[in-house]
Each structure stands twice: as structure tokens, then as C-alpha cells.
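Novice: Protein chains in written order, with our numbering: chain A, 1 to 492; chain B, 1 to 95; chain C, 1 to 494.
Heads up, some of the hints might be wrong.
Said to hold, decoys possible - DEER-style ranges, computed between Cβ atoms:
#, chain 1, residue 1, chain 2, residue 2, range
1, B, Ala36, A, Arg61, 26 to 36 Å
2, B, His84, C, Ala43, 19 to 29 Å
3, C, Asn374, A, Glu345, 47 to 57 Å
4, C, Ala43, B, Ala5, 25 to 35 Å
5, A, Glu394, C, Ala322, 43 to 53 Å
6, A, Glu394, C, Phe222, 43 to 53 Å
7, A, Gly415, C, Glu227, 48 to 58 Å
8, B, His84, C, Arg319, 37 to 47 Å
To be verified - Straight-line alpha carbon distances no greater than 20 Å define the calculated SDA-like cross-link-like pairs of lysine to any residue that follow:
#, chain 1, residue 1, chain 2, residue 2
9, A, Lys259, A, Ala279
10, B, Lys61, C, Leu305
11, C, Lys441, C, Leu492
12, B, Lys92, A, Asn349
13, B, Lys92, C, Leu305
14, C, Lys145, B, Glu71
15, B, Lys92, A, Val344
16, B, Lys92, A, Gly339
17, B, Lys92, C, Gln150
Quick caveat, the hints were computed from the structure, so don't treat them as lab data.
Don't be surprised by glycine CBs; every beta carbon is placed ideally from N, CA and C.
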Amino acid sequence: MTNLTSLTLAEARDGLARKSFTSLELADAHLAAMERARVLNAYVLETPERAREMARQADERIAKGEGGPLNGLPLGVKDLFATEGTRTTACSRILDDFKPPYESTVTSQLFTRDGAVMLGKLNNDEFAMGSSNETSCFGPVVNPWRRQGSDVKLVPGGSSGGSASAVAAGLCLGATATDTGGSIRQPAAFTGTVGLKPTYGRCSRWGIVAFASSLDQAGPITRTVRDAAILMRSMAGHDPRDTTSVDRAVPDYEAAVGKSVKGMKIGLPREYRLEGMPAEIEKLWSQGAEWLKAAGAELVEVSLPHTKYALPAYYIVAPAEASSNLARYDGVRYGARAGGSNIVEMYENTRAKGFGAEVRRRIMIGTYVLSAGYYDAYYLRAQKVRTLIKKDFEDCYDAGVDAILTPATPSAAFGIGQKVGGNPIEMYLNDIFTVTANMAGLPGIAVPAGKDSQGLPLGLQLIGRPFDEETLISLGEVIELAAGRFTPEVWW
Amino acid sequence: MSVDAATVRRIAHLARIAVDDAEVPHLQGELNAILAFVEQLQEVNVDGVEPMTSVTPMAMKMRPDAVNDGEIADKIVANAPVTHDHFFLVPKVVE
Amino acid sequence: MNAPVKPSNLIKGATGDWEMVIGIEVHAQVTSNAKLFSGASTAFGGNPNSHVSFVDAAMPGMLPVINGECVRQAVRTGLGLNARINLRSVFDRKNYFYPDLPQGYQISQYQSPIVGEGEVVVDLADGTSFTVGIERLHLEQDAGKSLHDQHADMSAIDLNRSGVALMEIVSKPDLRSSEQAKAYVTKLRTILRYLGTCDGDMEKGNLRADVNVSVRRPGEPFGTRCEIKNVNSIRFIGQAIEHEARRQIGILEDGDSIDQETRLFDPDKGETRAMRSKEEAHDYRYFPDPDLLPLEFSQSFVEALRADLPELPDQKKARFIADLGLTPYDAAVLVSEHECANFYESVLGGLADARRDGKVAANWVINELFGRLNKEGLSIAASPVSASQLAAIIDLIGEGTISGKIAKDLFEIVWTEGGDPRVLVDERGMKQVTDMGAIEKLVADIVDANPDKVAQVRAKPQMIGWFVGQVMKASGGKVNPQAVNDLLKTKLGL
Numbered sequence: 001m002t003n004l005t006s007l008t009l010a011e012a013r014d015g016l017a018r019k020s021f022t023s024l025e026l027a028d029a030h031l032a033a034m035e036r037a038r039v040l041n042a043y044v045l046e047t048p049e050r051a052r053e054m055a056r057q058a059d060e061r062i063a064k065g066e067g068g069p070l071n072g073l074p075l076g077v078k079d080l081f082a083t084e085g086t087r088t089t090a091c092s093r094i095l096d097d098f099k100p101p102y103e104s105t106v107t108s109q110l111f112t113r114d115g116a117v118m119l120g121k122l123n124n125d126e127f128a129m130g131s132s133n134e135t136s137c138f139g140p141v142v143n144p145w146r147r148q149g150s151d152v153k154l155v156p157g158g159s160s161g162g163s164a165s166a167v168a169a170g171l172c173l174g175a176t177a178t179d180t181g182g183s184i185r186q187p188a189a190f191t192g193t194v195g196l197k198p199t200y201g202r203c204s205r206w207g208i209v210a211f212a213s214s215l216d217q218a219g220p221i222t223r224t225v226r227d228a229a230i231l232m233r234s235m236a237g238h239d240p241r242d243t244t245s246v247d248r249a250v251p252d253y254e255a256a257v258g259k260s261v262k263g264m265k266i267g268l269p270r271e272y273r274l275e276g277m278p279a280e281i282e283k284l285w286s287q288g289a290e291w292l293k294a295a296g297a298e299l300v301e302v303s304l305p306h307t308k309y310a311l312p313a314y315y316i317v318a319p320a321e322a323s324s325n326l327a328r329y330d331g332v333r334y335g336a337r338a339g340g341s342n343i344v345e346m347y348e349n350t351r352a353k354g355f356g357a358e359v360r361r362r363i364m365i366g367t368y369v370l371s372a373g374y375y376d377a378y379y380l381r382a383q384k385v386r387t388l389i390k391k392d393f394e395d396c397y398d399a400g401v402d403a404i405l406t407p408a409t410p411s412a413a414f415g416i417g418q419k420v421g422g423n424p425i426e427m428y429l430n431d432i433f434t435v436t437a438n439m440a441g442l443p444g445i446a447v448p449a450g451k452d453s454q455g456l457p458l459g460l461q462l463i464g465r466p467f468d469e470e471t472l473i474s475l476g477e478v479i480e481l482a483a484g485r486f487t488p489e490v491w492w
Numbered sequence: 001m002s003v004d005a006a007t008v009r010r011i012a013h014l015a016r017i018a019v020d021d022a023e024v025p026h027l028q029g030e031l032n033a034i035l036a037f038v039e040q041l042q043e044v045n046v047d048g049v050e051p052m053t054s055v056t057p058m059a060m061k062m063r064p065d066a067v068n069d070g071e072i073a074d075k076i077v078a079n080a081p082v083t084h085d086h087f088f089l090v091p092k093v094v095e
Numbered sequence: 001m002n003a004p005v006k007p008s009n010l011i012k013g014a015t016g017d018w019e020m021v022i023g024i025e026v027h028a029q030v031t032s033n034a035k036l037f038s039g040a041s042t043a044f045g046g047n048p049n050s051h052v053s054f055v056d057a058a059m060p061g062m063l064p065v066i067n068g069e070c071v072r073q074a075v076r077t078g079l080g081l082n083a084r085i086n087l088r089s090v091f092d093r094k095n096y097f098y099p100d101l102p103q104g105y106q107i108s109q110y111q112s113p114i115v116g117e118g119e120v121v122v123d124l125a126d127g128t129s130f131t132v133g134i135e136r137l138h139l140e141q142d143a144g145k146s147l148h149d150q151h152a153d154m155s156a157i158d159l160n161r162s163g164v165a166l167m168e169i170v171s172k173p174d175l176r177s178s179e180q181a182k183a184y185v186t187k188l189r190t191i192l193r194y195l196g197t198c199d200g201d202m203e204k205g206n207l208r209a210d211v212n213v214s215v216r217r218p219g220e221p222f223g224t225r226c227e228i229k230n231v232n233s234i235r236f237i238g239q240a241i242e243h244e245a246r247r248q249i250g251i252l253e254d255g256d257s258i259d260q261e262t263r264l265f266d267p268d269k270g271e272t273r274a275m276r277s278k279e280e281a282h283d284y285r286y287f288p289d290p291d292l293l294p295l296e297f298s299q300s301f302v303e304a305l306r307a308d309l310p311e312l313p314d315q316k317k318a319r320f321i322a323d324l325g326l327t328p329y330d331a332a333v334l335v336s337e338h339e340c341a342n343f344y345e346s347v348l349g350g351l352a353d354a355r356r357d358g359k360v361a362a363n364w365v366i367n368e369l370f371g372r373l374n375k376e377g378l379s380i381a382a383s384p385v386s387a388s389q390l391a392a393i394i395d396l397i398g399e400g401t402i403s404g405k406i407a408k409d410l411f412e413i414v415w416t417e418g419g420d421p422r423v424l425v426d427e428r429g430m431k432q433v434t435d436m437g438a439i440e441k442l443v444a445d446i447v448d449a450n451p452d453k454v455a456q457v458r459a460k461p462q463m464i465g466w467f468v469g470q471v472m473k474a475s476g477g478k479v480n481p482q483a484v485n486d487l488l489k490t491k492l493g494l
């Protein structure tokens, strides 16, 4: 029998359709793999009973010739998505044992509407604040990839580190993730997986623990571009409960896989050529461009002049929104409460103990930049810069560019603990290539494209026009076909 | 711009996060590093630029005035640390 | 506004005259079925946390979606206040921590409110009127309720009101006395009730006022103000202002200065006191709510609402004066409460000739009906005499079937026993005598029986009133006094 945990989502779907195996067998294989891989700390909650029950129901549907597009396929869920009756923590102590009495729109589409099977909840940086999955209250996630000849544990990136690690290690066929500044694409690049952040408004944010409302978007992490397309279709869609969700038909993204990219114009932004960028990243980028050119695309150099301001503007807008979004964690209605002789002390102790250092830091920065006398200089200015960043992209697309190719990250995965405790900016720079798409609300995909000299995967990023995820999928598959698949050796 | 220790304490209180005196210098350093990093925005010419209000331009939809939610008090208080008779309880508030 | 100083509005202090400057922020609960950003009910009361959705309880990942009816109600109110409607406005977050504020912020409108400047014309009891400028009106969420008396060392939180839509209506500092302030809030409340955008029920807290009070020497710039929060009756507004102004004058006359602060009014003591929880200056960190989009609508949306507006008190008053010949005073009394105006208009609707008898009807409604209701402590809704019964009584007078005096008896019967006035008049023989022969006989009988009086009246014609009275008495009030008067004049040769 085939190794059920090494199948792609598409292969598993087809195998279920052919009745080569059952959904329950698929679920059991993954639950067993999860158990063996606990050292990776990818899951913060395994839900084997729920998974088997869902798989049995999926098998019944198959027997009756029924079932949605994801029927019986086991997935992992980032712990930022509310799952009804199943503990949801955002990997923060402050949510304690919170069991939402509701299900997020995205996961209800995946599981209730389209028939997928939930394996458990995946680790992430606390409240999605981080780029290495080291801020989780459940401890860091370990990257299934290691440097050649080394057993140093590496980070999987963040904030969707659990999702990326689980997908790379075969602990689920695909996973939900969210991306506020690069939290889908950066961990995908660090783990040799595919990460797709759709256009802002494409997926409902209802029921996803909020970090920065104007930047947060849900999307899939998968092992192939086709799998990303399959999951994207089930995650996307208009939701009247989210004012910022867009009322627009969801295309059959999978149909974009294999579509010719001949004649497409691909922009290479000169501002992404950073001083001191490692040669291997530079080489990877050129290689990617060559592959696309070979597939018939036209490459043009473009300029996105405000690129360097995206990260500083992000570190005003995101903490500002977060400082307000996280005000609800006050120990009154849910979550942990610390003692205090009066209400103010109770608040201050609850939030000091409940939030980790990075979350506290960002709440404080956000509080400061919104405070009286500083709003115009910081927040308002950052939102104006954001308009300029968006306009850079619009000018590019208006000039006929179909998508923009960039490196996904400035480096490969680094060691756990390597960047902790120093200047926070060093960690923030991980998102330098990904954050622009969030600031402009644009779709972006990270596709594995090669390895560094130590054998670690590296990714390329494609940024598209608003709601043109399909072009990213077509282009991403070209890179995937050229670069091949990336699978870590099992050492755990 | 940079923050002094008093500002760190004021901001922490505004954000309702207890801060030990011992933590203040460290926090102050981190906050100032971030503020120094974002300082480069001051060099951008933003004259006449509209601040972004909605990254995906669209009109706000309005909901009909229908009562279709609520009457779930059990669920509302189910996760609360301290309740009594479907009220949330908190340390006494002085007005 | 710097209106001319009215001497009657000045307060005598120990060191000279002072003038109050008052501005009022009214929080009016929007009449709607569901909350501003959730589908939970706005119904008053209910078990704790029953009218609460996950959005109202600020559960993680919950998002606001705006209720269109609340937007329409705010626009209607803006139109009723003759105010500028802003076709684009923005919802901001006002950030602060309080246990009855579950999100840790209130969604409000700060820099771009839905309604801009407008004005309200206010009538005073002395018949004069003045104009109060409206600064703005914006939509915002109400907070929940903290109950402090249920447990010794705990406060209990109920979120039933959390998220209910409020309109905050901010006046300019145009008010100069507690009388003006009370009259302004009364008028505003009347307008809201006419519009149906707020029920104005102050007992339930559906309309409450934050009152900003400062004092100054006449003609000088504004002084430092204090805000008295959440005053929930019109009488208390007056008391709070009077107390606060005198407190401030006392401080200033002692050579001290006023601290700008938030205060509470204690109705039992009739005093204001500083809020104890206000040890720190608030820094609300307003910013546009990223979960929402700018609120935009077209001018045609506004025009459709305008076309649908009911007649408002000022327009109604003008129509009563022009069409029915009412005095401005009577017209003002009738329109001051929507229910009163509605009752009066129902009476008009029941009259055979409203144009002829409208004025009589106004007298009856104001003097007989309202007078009686007041005396018995009844609301108009509980009136034992209905509008159609009162219309029938007035018709009977107008058509000459009964005299005004009989009409009062009839009113009394209808009040206490009920019944159709026309049937009652028939059954109880209350009809005015219209048979001229019968009236002539009554007149002749009285004249013949009183020769001495006849002699007197010839010398002193105003004595005729005595004869009229005698005839009326003899008829049981059922003859027309004018006809009696005419007949007497002929008979007595006057």
C-alpha cells in the first residue's frame, strides 16, 4: 500500500474517488504520523476522535456517491481559527482553555460544507506575531528540514510555523494558515512548501482571531501548487458577516494549473535587489526568471519606489490595529484571569501574565503610535505611505505587468533561539519581501525553487493583480515543475 | 522620537499591562529601536496623499434590521472565569 | 455664538454678575429592532446577557456589520434637525478599558460624523423662542451595564445594551440658563419622537444627557468647563446646571480656578461630584475601525428619506395657526408632545367641519381634556374620552344641538360612564330647544312673573342678563342663550 502521508491532496482525493483507500485509513495514517512527529511540536492539539468520526462520515458519503470537493481529506488548522467546541488559543496563555461556541467561516466551509477532516490545531506565533514560531506559548515549532550534516534545530518560520512544518513533514495533506506580513509565504519558503496569501477580502476573517484587521488574510499551505489551488477554492468566498469580504464569484483555481504563461509579462522589481543579499538568493531569483522565460513569459525590470518603506509602515499599522484588537483579552468574558485588588490591577496583571513578550511589545508600540500627539506623525503617515506602496503596484500593473517575481525571504531557515533576545528589528526583516503584498492587499504565492548551500529549501514569491490568484497559480506551477518537489528526510 | 522611562510606564498603563520597574529599561530600549526603525517614514513626501482606508475599494454593505442573533446567554458566559446567574463578575468597579 | 447677554439669565455672585455657558451632548437610543453591528435584540430588559450575540460579547474573531436601519434613522434625525448630511462618514474606534465595554473600544464616529451642523428652534414658556446650533450628530455603540450592588466585592456585568445604536447629538455652547437647557432637551426629545427615531424614554435611559457647564463674566471668553455625565431627567438637568454653576462661581470668587473634569449628578443630594475613577486623563487613541468601510450613500438615498419624513412640530404649529386660526400659544401646547398633537388631529379628523370648529376643538382638548387628565394624573393614552367622542361633542355644539354648558355636562357623562355622545343627548333629553314657540313661552312666563325687574331693566339694560339666566334655568340649559337674548330684547322693547 502507498504511503498515505506522502500523497498530495490531489492524489489523495483521486485515490478516495477510486476507492484505493478510505478516508478513515487516510486519517489514521496521519494521526500515526502526528504521534511520531511530536518532537516537531507542530500540533498544539490533536483531535483524533473528532478526526476519525469525520472520516467515517466522509466514507459514508463516498459510499452513497456524495461528498464535497474535499470529502475525506485530512487537514490541519492553525490555532487562530475558531473551531466550535475545540480549544482555540492563538497560542497565547491569555486564551487559556477557550472553547469557541462557534466555527470560523473558513473552517466551516472546509469541514462542514466541503467534507474535509480535521486532524487538530496547529502551532503558530502567539496571536500570529512573529516570523519564527518562537513566540507561541506552546513552545517553538521545529522545522523538519536540517542543515546537511547538522542536527541543529531550525525554525519553520512564522507565524504559521505549525502549518508549514506539518505540511512539510507529512502530518496533514494541507493546512489553513493566515498571513498578516508574510506569515503564510515566509514559513512556506522555510519548509519547501507552497503558501498562497490571497487578495485582501477574498477569504472571510469571521472567526479568525484578529491580529491586524486591515492586513490579515487566510490562505492555504500545501505541498504543491495544485493543492493550494484546491484548498483556496474551498477557503475563499463572500461572507456577509465580514464587511471587508468581497462579494465576487470564486473561480475554479485548479483550472489555472497547467495553463500556459506564454506572453505574460513578469516584473522584476529593482528595489528588491537588496544590498548584501546572499548570492544564493540572487541566483535563485535569476533562475526563477529563466524558468518563466523558458515557459514563454516576458521579463521586464520594474520599479516599486516605496518598497523600503513598507516594513516600517507595517510596524506602525499592524501594532496599532493589534493594540486595539487585543484589548478584548481582559479576563472578563473568557480566557485566563489573574488576581488584583481592583479592576485596573486585575486587567494589568491578566494582560501582563497572559501575553508573551513579543505581543506585549507590539501592543505597547501600537498604543504609543495612536496616543495623543503622535497619531499624525505615525499612524496617519503610515497609512499615507501605504497608499503610495499600493500605487507603485498599480502603476506596474497598469503598464501591462501580469505578476511580479521576487525572492520570498532574504535567507533560509535559521536556528531556534538564534534571533531571539536581540534587536527585534532583525527578526522583523524576515518579512521584508512579503510585507508589501499585505500593505497593498495583493495576492502572493511562495513556491519552493531551490536549496541553499547547506541543503535548506528556498522559495520564490509571485505577487499578482488584485483577485488574480489564478495567474499566480499558473506561474507558480511553472517554477514547481522546473524546480521539482522538496521533501525533508525523516529524522524524527 | 524616542520614549523615556516615564512614557514606557504611561503607555503600559494605557494598554493595561503591568510592568515591573526592572523591565522598564529593557522595554524602553526595544521600543526605541522600533521607533528608530520607523523614523525613516519621515523622509517620504506624503503631501496630498490620502491615507488608506480600505485596501480593497468597495462600498460598505448594510444589514437588514432583523433580530436573528442573541438568546444564547449560556454560550456567552460558558468560557468566563467568574460568573453568577449569567452575569460576568469582576472586581468591584468604582465610578 | 455670542448672543446678546440677557440680564434675566445672569446669576448674582458675591463679586458681581456671572453668565452660564452650557452645551449639551444628548445620547439618544436609535429606534431599531436589532443592534448597530449585530443581530441581537434591542429590547429593554431581558435576562442577563440574553440580548447578546458573540459580536456583542467581543468573542475572538467576531466582526461588526452595520444595520442599515440605524443609518437611515440617523439621516432622518439629521434632516429633522435641519442639518447637513454627510454622504461619507467614518467609524472610528475609541479605545479604553471598562468591564462593560467588551471590545476594549467603542465604535463611534470621531472625525467624520454622519451628520454635520444644524439647528433647533426652541420655544420658552413666555412665548419667546431662540435657536440652538447643532454641532454634529454621530452614530455609536452603547456600552453594557455594570451592577455594583449585587455582590460585596464584585461588580456584575450585563451586556444586553452593549452594541445598541446611539445617536450622540452635540449642541453648540449656545445655552445660557438652566431653563433654556431644559427647553432645548425637551424640544429635541419632541423632534426625535415625531421622527420615530428615538422613543425619548429617559426613565429607561433611552435618552440621556452629558451637560457641559462653565461660567464667565458677561462678555468675556468661555471659562473652563466641567462635564456632568449621564443626567437622565429634564428636571435633573436643570438642577445639575444650577448646582454646578453655583459651585464654579464659588470657586472662582474664592480666587481659585476650575479643573476641567467629569462629574456625576447625585439626584438625592441635588449636587454634582467628581467621578472617583477619573484619576487619569483619558487618551482614547481614536483611529478608523479597520473592520468596517467608510459609510457612503447617495444624495438620492437622503432625498428618499426626506420625502418620507413626517410633519415636524414647527411645521405643524405653523399649520395650526394658519389654517385653523389657533393662537401661537395653543398651537405650541398642542404640538409639544407628539401624542397630544396626534390626539388633537384625530379630533379634527372626526369633526364635520374642522375648519369652522378647529379652534373650539383646540380649547376643548387643551382646557377640558388636558386639564382633566392632568388633574387625575392620566396620560393621554389612558384618556377615558376618545378623540371621536370629543369630536362628536364638539360637533353637537357646532351644529347647535347642545349649548356649551350642556356640552360640559355631556363631557362629564362620557368621562365617567362612556357612551356615544349623540345617543346620550337623545336619551337624556339634553337637546337644545329649537322650537321658537316654546322659547317664546318661557320668555313670556319669566317677564310676566317679574314686573319689578322689568321696570328695572328698562332703566338699566345690562340687567337683561338676569332675565337670560332665569330663562336658561327654567329650560334646564337647553335653549340657545343668543335666541333668548334676542327674544327678550324684542319683548322688553330694548
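Novice: State for each hint whether it applies.
Specialist: Hints versus structure:
| no. | hint | result |
| --- | --- | --- |
| 1 | Ala36(B) / Arg61(A): 26 to 36 Å | violated (57 Å) |
| 2 | His84(B) / Ala43(C): 19 to 29 Å | holds (23 Å) |
| 3 | Asn374(C) / Glu345(A): 47 to 57 Å | holds (54 Å) |
| 4 | Ala43(C) / Ala5(B): 25 to 35 Å | violated (50 Å) |
| 5 | Glu394(A) / Ala322(C): 43 to 53 Å | violated (60 Å) |
| 6 | Glu394(A) / Phe222(C): 43 to 53 Å | holds (48 Å) |
| 7 | Gly415(A) / Glu227(C): 48 to 58 Å | holds (57 Å) |
| 8 | His84(B) / Arg319(C): 37 to 47 Å | violated (56 Å) |
| 9 | Lys259(A) / Ala279(A) | violated (32 Å) |
| 10 | Lys61(B) / Leu305(C) | holds (18 Å) |
| 11 | Lys441(C) / Leu492(C) | holds (14 Å) |
| 12 | Lys92(B) / Asn349(A) | holds (16 Å) |
| 13 | Lys92(B) / Leu305(C) | violated (46 Å) |
| 14 | Lys145(C) / Glu71(B) | holds (17 Å) |
| 15 | Lys92(B) / Val344(A) | holds (10 Å) |
| 16 | Lys92(B) / Gly339(A) | holds (12 Å) |
| 17 | Lys92(B) / Gln150(C) | holds (10 Å) |
Taken one by one, the earlier hints fail for this structure at numbers 1, 4, 5, 8, 9, 13, listed in ascending order.
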